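Residue numbers (the working numbering), protein chains in the order written: chain L, 442 to 865; chain B, 442 to 865.
To be clear, the hints were calculated from the coordinates, so they are not data collected in a lab. Do not rely on the hints blindly, as some may be mistaken.
Put simply, identical chains are the same to the list, so a pair is met inside one copy or across any two.
The calculated DSS-like cross-link candidates involving lysine-lysine, where the alpha carbons are at most 25 Å apart (straight line), are [what the hints assert, rightly or not]:
1) K667 with K594
2) K605 with K452
3) K697 with K861
4) K502 with K594
5) K474 with K802
Model, not experiment: these values are computed from the prediction.
There are 2 protein chains.
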Amino acid sequence: MSINIKETVEKMGEDALIASRHLSDLSSDQKNKILLSMATQLLKDCDVIIEANDLDVAAAKENGLSSAMVDRLDLNQSRIEAMANGIKQVASLSDPVGEIMDDWQRPNGMNIKQIRVPIGVIGIIFESRPNVTSDAAVLCLKTGNATILRGGKESINSNLAIAKSLQMGGERAGLPQNSIQLIPFTERECVQHLAEMDQFLDLIIPRGGAGLIEAVVSMARMPVIKHYDGICHTYIDSDCDIKMARDIVVDAKTQKPSVCNALETLLVAESIAMDFLPLIGKDLIAKGVEIRADKQSSTLLGIDSVPASNEDWVTEYLDLILSIKVVSDIHEAIDHINEYGSHHSDCIVTESVDNAELFMKRIDSATVFWNVSTRFSDGEEFGFGAEIGISTDKLHARGPMALRELTSYKYLIKGSGQTKSKMA
Amino acid sequence: MSINIKETVEKMGEDALIASRHLSDLSSDQKNKILLSMATQLLKDCDVIIEANDLDVAAAKENGLSSAMVDRLDLNQSRIEAMANGIKQVASLSDPVGEIMDDWQRPNGMNIKQIRVPIGVIGIIFESRPNVTSDAAVLCLKTGNATILRGGKESINSNLAIAKSLQMGGERAGLPQNSIQLIPFTERECVQHLAEMDQFLDLIIPRGGAGLIEAVVSMARMPVIKHYDGICHTYIDSDCDIKMARDIVVDAKTQKPSVCNALETLLVAESIAMDFLPLIGKDLIAKGVEIRADKQSSTLLGIDSVPASNEDWVTEYLDLILSIKVVSDIHEAIDHINEYGSHHSDCIVTESVDNAELFMKRIDSATVFWNVSTRFSDGEEFGFGAEIGISTDKLHARGPMALRELTSYKYLIKGSGQTKSKMA
Numbered sequence: 442m443s444i445n446i447k448e449t450v451e452k453m454g455e456d457a458l459i460a461s462r463h464l465s466d467l468s469s470d471q472k473n474k475i476l477l478s479m480a481t482q483l484l485k486d487c488d489v490i491i492e493a494n495d496l497d498v499a500a501a502k503e504n505g506l507s508s509a510m511v512d513r514l515d516l517n518q519s520r521i522e523a524m525a526n527g528i529k530q531v532a533s534l535s536d537p538v539g540e541i542m543d544d545w546q547r548p549n550g551m552n553i554k555q556i557r558v559p560i561g562v563i564g565i566i567f568e569s570r571p572n573v574t575s576d577a578a579v580l581c582l583k584t585g586n587a588t589i590l591r592g593g594k595e596s597i598n599s600n601l602a603i604a605k606s607l608q609m610g611g612e613r614a615g616l617p618q619n620s621i622q623l624i625p626f627t628e629r630e631c632v633q634h635l636a637e638m639d640q641f642l643d644l645i646i647p648r649g650g651a652g653l654i655e656a657v658v659s660m661a662r663m664p665v666i667k668h669y670d671g672i673c674h675t676y677i678d679s680d681c682d683i684k685m686a687r688d689i690v691v692d693a694k695t696q697k698p699s700v701c702n703a704l705e706t707l708l709v710a711e712s713i714a715m716d717f718l719p720l721i722g723k724d725l726i727a728k729g730v731e732i733r734a735d736k737q738s739s740t741l742l743g744i745d746s747v748p749a750s751n752e753d754w755v756t757e758y759l760d761l762i763l764s765i766k767v768v769s770d771i772h773e774a775i776d777h778i779n780e781y782g783s784h785h786s787d788c789i790v791t792e793s794v795d796n797a798e799l800f801m802k803r804i805d806s807a808t809v810f811w812n813v814s815t816r817f818s819d820g821e822e823f824g825f826g827a828e829i830g831i832s833t834d835k836l837h838a839r840g841p842m843a844l845r846e847l848t849s850y851k852y853l854i855k856g857s858g859q860t861k862s863k864m865a
Numbered sequence: 442m443s444i445n446i447k448e449t450v451e452k453m454g455e456d457a458l459i460a461s462r463h464l465s466d467l468s469s470d471q472k473n474k475i476l477l478s479m480a481t482q483l484l485k486d487c488d489v490i491i492e493a494n495d496l497d498v499a500a501a502k503e504n505g506l507s508s509a510m511v512d513r514l515d516l517n518q519s520r521i522e523a524m525a526n527g528i529k530q531v532a533s534l535s536d537p538v539g540e541i542m543d544d545w546q547r548p549n550g551m552n553i554k555q556i557r558v559p560i561g562v563i564g565i566i567f568e569s570r571p572n573v574t575s576d577a578a579v580l581c582l583k584t585g586n587a588t589i590l591r592g593g594k595e596s597i598n599s600n601l602a603i604a605k606s607l608q609m610g611g612e613r614a615g616l617p618q619n620s621i622q623l624i625p626f627t628e629r630e631c632v633q634h635l636a637e638m639d640q641f642l643d644l645i646i647p648r649g650g651a652g653l654i655e656a657v658v659s660m661a662r663m664p665v666i667k668h669y670d671g672i673c674h675t676y677i678d679s680d681c682d683i684k685m686a687r688d689i690v691v692d693a694k695t696q697k698p699s700v701c702n703a704l705e706t707l708l709v710a711e712s713i714a715m716d717f718l719p720l721i722g723k724d725l726i727a728k729g730v731e732i733r734a735d736k737q738s739s740t741l742l743g744i745d746s747v748p749a750s751n752e753d754w755v756t757e758y759l760d761l762i763l764s765i766k767v768v769s770d771i772h773e774a775i776d777h778i779n780e781y782g783s784h785h786s787d788c789i790v791t792e793s794v795d796n797a798e799l800f801m802k803r804i805d806s807a808t809v810f811w812n813v814s815t816r817f818s819d820g821e822e823f824g825f826g827a828e829i830g831i832s833t834d835k836l837h838a839r840g841p842m843a844l845r846e847l848t849s850y851k852y853l854i855k856g857s858g859q860t861k862s863k864m865a
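From just these sequences and the hints, can you work out the full model?
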């Protein structure tokens, strides 16, 4: 049985590679037609998908999954419609493939063009919501990449039904066979087989908890783009608009605390702490936020708070909890963020241009904000139309990762018989 | 002892991370001054470096290394001058750091800028020539990156002397401590320690044979940019200028056969094979090239040749050996190259615009040439001024890898109090 899984996964890799060669030949128009046909098919298959999903939901309840987990799993007509609308939205975006990134002439007459091309075959490993099957596959397809998907075992039936529907709908409009494949096994070893298959896979993207990402990083032979935690900071500078600072902090912490761009640690300049902390303390308490405060801020807040430990500075709560620390100045703030943060998204609130520029230069994070809530660290908010995730890596893709980041490039050189011998 | 090495390498990583934060603060002017000071110091230290090099050369001879290997190792006044000139050349190049890659406004008034920043800390593992110590370190420095270098054990004394000289010369002009570090141990375990140190290293670049690259790929937790083989092809299309085709093939095979962009396999369209092969056969024989021919080309060549085996299609000879195959048409040529090639550099010689475009679209290689020798697949020839190598990867850097490819980016977002709550 074990060998069988490995063989099947490898065969999927081989098939995906063949599909990717055909995919790179498709025009933007052809790909958009395929996408629209996939959206239509998904709506047609609504009942079949919901039937498959019922099996997953029943199993989840039987296995005692939390109601939040069951809710994430659950598909209904309107969620499937949302998936289909997502596909139409991707069809409407402009295609980066074929874009000329650079174009120049060399003294010897050669013309060099750098053009965007698909990456090839992308493995996507995800855990929770079955809609990732559709979201990830269509972004890859739009950019001419073949995908091998590996979802969580809780949603295996839903994922298989969605992938089948997408592939079928796509094929009717010319999608190459095996462009979108979902691994039908739930065994953990599948992740290892995928991660070792660098003869077929050009990239692997793990979307999920730290455990999954860590497992993929330690096994993968091909490039991995990681989507790790967001331990996001907001630093309130001495020279700031206090009303704006309060709005930004409350928004970044409470508007949606369960996401990676939510605020986790608030740093406040000593010189403004006495004015700012009592006000923000009240704002946060009113929103039900639990506060973990260092000694100095605890006194100034004037409300009940838990003492912050060192562990708090490196914790992504994803919940209505906020750690607060008073810092002597902007330099201490910058050092704290670069040391304890996760290089995801960090913000300074200030009216000082000098301090804003210093902060933006020195903070080593994917996105650095000046007077904007960190909740805007998001592909949609950037205007990318869709995103596959937010990369915490520095190579290839950093921050919100959208269509452009799902491409590679090649150089095309045109000449008239140039040789090195002639030049020498 | 073993623990000592691990601790020392980790301490180097920690120090490099600190250095990298200071490096990212330097202006282009400061970095250029540092580079020029390094070049001056290198010339001053000529005798010291040659003395250290003598130890390596003596050991190499004692250990019975081939004379080619000893020659690669050997440093003299003029080779050190060449290194110093290389540094001056890098100083004269424009600095990609700080470049605004993109700049746009969102409907909510946010301004988003994507700017180039240093990657951080780069590990470089190399095998042969001691000049790589200087070449790699200065390219990384120019782009604001700290480096940890690990050279081959044959050149350890030379490498240490060069690294010390660069660091010392640099520090005089303001280079942060530990910006350029060379691992002083020759034990193999060092590579593993480096490859596992993803808390400090953002990227690792192995430069050397397949064995070294393979070892790094299987151990590394951080991104690796691989510089694998170049199994380069030239395809002679039916509709081509035969004189140009002969020049290009002879150049690509014989002008410098030991490099990765040299030609290894010649594919010839059946319809032109009878005219072309007898001529190129004579050209190649005159240059001392050994030919491995498939059955059809063997007959047409009209000269002595070795029968080609399947192994020949996947071999990088790096020598005066060429495999030759007759293909029925351009489609067979494309399939052969995508199947057996190494996706490095491939060329079509044709007068047909349609065939050239088809070939350039379909060939999945870093650089695709039309009527130009593959020997031009090179950072210098591209006009990049210098290169750290030629990447055979598709992520982050593909093909000639120069200054731009040694950078990452971040997003800087400026606003006036934007929050998600206000927008909702």
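Here's how the hints hold up against the structure:
no.	hint	result
1	K667 with K594	within (21 Å within a copy, 34 Å between copies)
2	K605 with K452	within (17 Å within a copy, 51 Å between copies)
3	K697 with K861	between (60 Å within a copy, 9 Å between copies)
4	K502 with K594	within (14 Å within a copy, 60 Å between copies)
5	K474 with K802	between (44 Å within a copy, 21 Å between copies)
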